[in-house]
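Asks: For reference, the chains in residue letters:
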Amino acid sequence: MLKILKYSFYDLMRSRWSYVYFIFYLLLGFVLLFLNNNVSKAVITLMNIIIVLTPLIGTIFGVMYYYNSKEFTELLLAQPIPRNKIFMGQYVGISLSLTLSLVLGLGIPFVLYGLFRSASIFDFSLLLVVGSFLNFIFVALSYNIALSTENKIKGFGYAILMWLLLAVVYDGVFLISLIFFNDYPLDKFSLIATMFNPIDLSRILILLKLDISALLGYTGAVFRKFFGTNFGMVFSMSVLVFWVIIPVFRMNRKLRKKDF
Amino acid sequence: MIEFKNLHKRFGKLTVLDGLDLEIKQGGIFAILGPNGSGKTTLIKCLLGMVIPNKGDIIYEGKSVLRKWEYRNNLNYLPQIANFPPNLSVIELIKMVKNLRPKTSNEKDLITLFGLEDFLNKKLGNLSGGTKQKVNLVLTFMFDSDLIILDEPTTGLDPISLIHLKELIQKEKSKGKTILITTHIMSFVDEVADEIVFLLDGKIYFKGTIEELKQKTDNNNLEHAIANLISKQYA
Numbered sequence: 001m002l003k004i005l006k007y008s009f010y011d012l013m014r015s016r017w018s019y020v021y022f023i024f025y026l027l028l029g030f031v032l033l034f035l036n037n038n039v040s041k042a043v044i045t046l047m048n049i050i051i052v053l054t055p056l057i058g059t060i061f062g063v064m065y066y067y068n069s070k071e072f073t074e075l076l077l078a079q080p081i082p083r084n085k086i087f088m089g090q091y092v093g094i095s096l097s098l099t100l101s102l103v104l105g106l107g108i109p110f111v112l113y114g115l116f117r118s119a120s121i122f123d124f125s126l127l128l129v130v131g132s133f134l135n136f137i138f139v140a141l142s143y144n145i146a147l148s149t150e151n152k153i154k155g156f157g158y159a160i161l162m163w164l165l166l167a168v169v170y171d172g173v174f175l176i177s178l179i180f181f182n183d184y185p186l187d188k189f190s191l192i193a194t195m196f197n198p199i200d201l202s203r204i205l206i207l208l209k210l211d212i213s214a215l216l217g218y219t220g221a222v223f224r225k226f227f228g229t230n231f232g233m234v235f236s237m238s239v240l241v242f243w244v245i246i247p248v249f250r251m252n253r254k255l256r257k258k259d260f
Numbered sequence: 001m002i003e004f005k006n007l008h009k010r011f012g013k014l015t016v017l018d019g020l021d022l023e024i025k026q027g028g029i030f031a032i033l034g035p036n037g038s039g040k041t042t043l044i045k046c047l048l049g050m051v052i053p054n055k056g057d058i059i060y061e062g063k064s065v066l067r068k069w070e071y072r073n074n075l076n077y078l079p080q081i082a083n084f085p086p087n088l089s090v091i092e093l094i095k096m097v098k099n100l101r102p103k104t105s106n107e108k109d110l111i112t113l114f115g116l117e118d119f120l121n122k123k124l125g126n127l128s129g130g131t132k133q134k135v136n137l138v139l140t141f142m143f144d145s146d147l148i149i150l151d152e153p154t155t156g157l158d159p160i161s162l163i164h165l166k167e168l169i170q171k172e173k174s175k176g177k178t179i180l181i182t183t184h185i186m187s188f189v190d191e192v193a194d195e196i197v198f199l200l201d202g203k204i205y206f207k208g209t210i211e212e213l214k215q216k217t218d219n220n221n222l223e224h225a226i227a228n229l230i231s232k233q234y235a
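Chains as they are written, first to last, in the working numbering: chain A, 1 to 260; chain B, 1 to 235.
Treat the hints with care, as some may be off.
[Said to hold, decoys possible] Here are some, though not all, of the chain B residues that point toward chain A, as calculated from beta-carbon distances under 10 Å:
no., residue
1, Tyr-60
2, Lys-63
3, Arg-67
4, Ile-81
5, Asn-83
6, Pro-86
7, Leu-88
8, Glu-92
9, Lys-173
Simulated from the structure, these hints should not be mistaken for lab results. Cβ coordinates follow ideal geometry from the N, Cα and C atoms, glycine included.
Only chain A is shown next, with the shape it has when bound in the complex (with noise of 0.2 Å):
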């Protein structure tokens, strides 16, 4: 598995897109210091476009390499490698360089901009593990979708639908079905709805870091009033663990029955 992902890695880190993307970060670390002038008023802004970002990124990625590597794919079922190893190695290096690029893109402009002196060293960490859980979780499920879907077009449609989903329609739903039952309690509801959604979560784990009960939202207050600022943070972070593992699970599933 190493050895595929070594060169899945290699491959993406010398595309195109990977230094589009990386510089992207880049410039948008460098932009929002300037403007800001303050590392955690940045580090605001940030969260929300990661947020939708990350996930967009991912699930493009991971659908498309999918679909360009096919035939590739289909040299090295032939070699003698288990396949689960195959896509699991294609796996781990998409959302590695995923994560790199990320990571460096953005740590670059705020270390020189002196994050090691600023307080909000520990919040920006945090965003980039939210980021990189989110870049694991959305290529897992556009692998997942890119399994399923033999169709290039087809994939690709279900794949954006699905981020679309998460990122704009999921809250939308959520917030008119609130209005609606206003009159119930809603709590637990709330709180369950929020699991099912990694992009909600990520929000809610980086608002109780950040503490700004301005930005928490109800869900987000629901969910410090149940769990505690602490717990609230672990737990959130284990079900992002859930939203990685279980995805990655139904991919070596299907792997089993899949005609290549």
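Take the given structure of chain A and dock chain B to it, following the hints.
Replies: Using the frame of chain A, we list chain B on its own:
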């Protein structure tokens, strides 16, 4: 050496292999023929473990291959469409495949044979179709395995490379290896194949030497003999 036992494979409603039985003995060149969509590639992919049959078993060198992977160390496969990661160079790809198979390889001779020296440091994405196919051939023939499977090996090759390919196939045969070839180019079959396996409707319709086929169909020309077999399907 290879035995397919009562192999069934369906893709949705389409039945591709329908209780196929086939035995292939060690040594010699076997051409797997059949009209488009007759299940040639599916059959090969079942053997490679890429397609999982609904029913039946495949025995390679005395052991069932289903859900296994170690056996693939003793076979070489040339896929139909060669599409490699565009950002890797030719030499990197060769090294990678070597790295994946801990086995002695003779890629140097093959690189010289196909005149690929000047392309070694070029990225795979920039190569022409024919050159990619040559790289594909190097990757297939560089390992010493008992079984070699070639899926449409002639695609995109220039006449000189085609001659080299034929020589290569004969050389491997003389070492006592088994070679499976699928192709639609009958002159190629006529020239290299010892035996023909003809697939129709997911079953083996004919298996035997070219001479036997010509006698059976009462036709002296292989191309016509095969066309004769295929036309029976539509009759």
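Asks: Would you mind marking each hint as holding or not holding in the structure?
Replies: For each hint, the structure was consulted:
1. At its closest, the beta carbon of Tyr-60 (chain B) sits 13 Å from a beta carbon of chain A; the interface hint therefore is violated under the 10 Å criterion.
2. Hint status for Lys-63 (chain B) relative to chain A: violated, with the closest Cβ pair at about 14 Å, above 10 Å.
3. Residue-level restraint check for Arg-67 (chain B) holds (minimum Cβ-Cβ distance to chain A is 8 Å; threshold 10 Å).
4. Interface restraint check for Ile-81 (chain B): the shortest CB-CB distance to chain A comes to about 5 Å, inside 10 Å, so the restraint holds.
5. With its C-beta approaching chain A no nearer than about 3 Å, Asn-83 (chain B) sits inside the 10 Å limit, and its interface hint holds.
6. The criterion of a C-beta within 10 Å of any C-beta in chain A is met by Pro-86 (chain B), whose closest approach is roughly 8 Å, and the hint holds.
7. For Leu-88 (chain B), the interface hint holds, since its Cβ comes within 10 Å of a Cβ in chain A; the closest pair sits about 6 Å apart.
8. At about 8 Å, the closest approach between the beta carbon of Glu-92 (chain B) and any beta carbon in chain A falls short of 10 Å, and the interface hint on this residue holds.
9. Evaluation of the Lys-173 (chain B) hint against chain A yields a violated restraint, the C-beta minimum of about 21 Å exceeding 10 Å.
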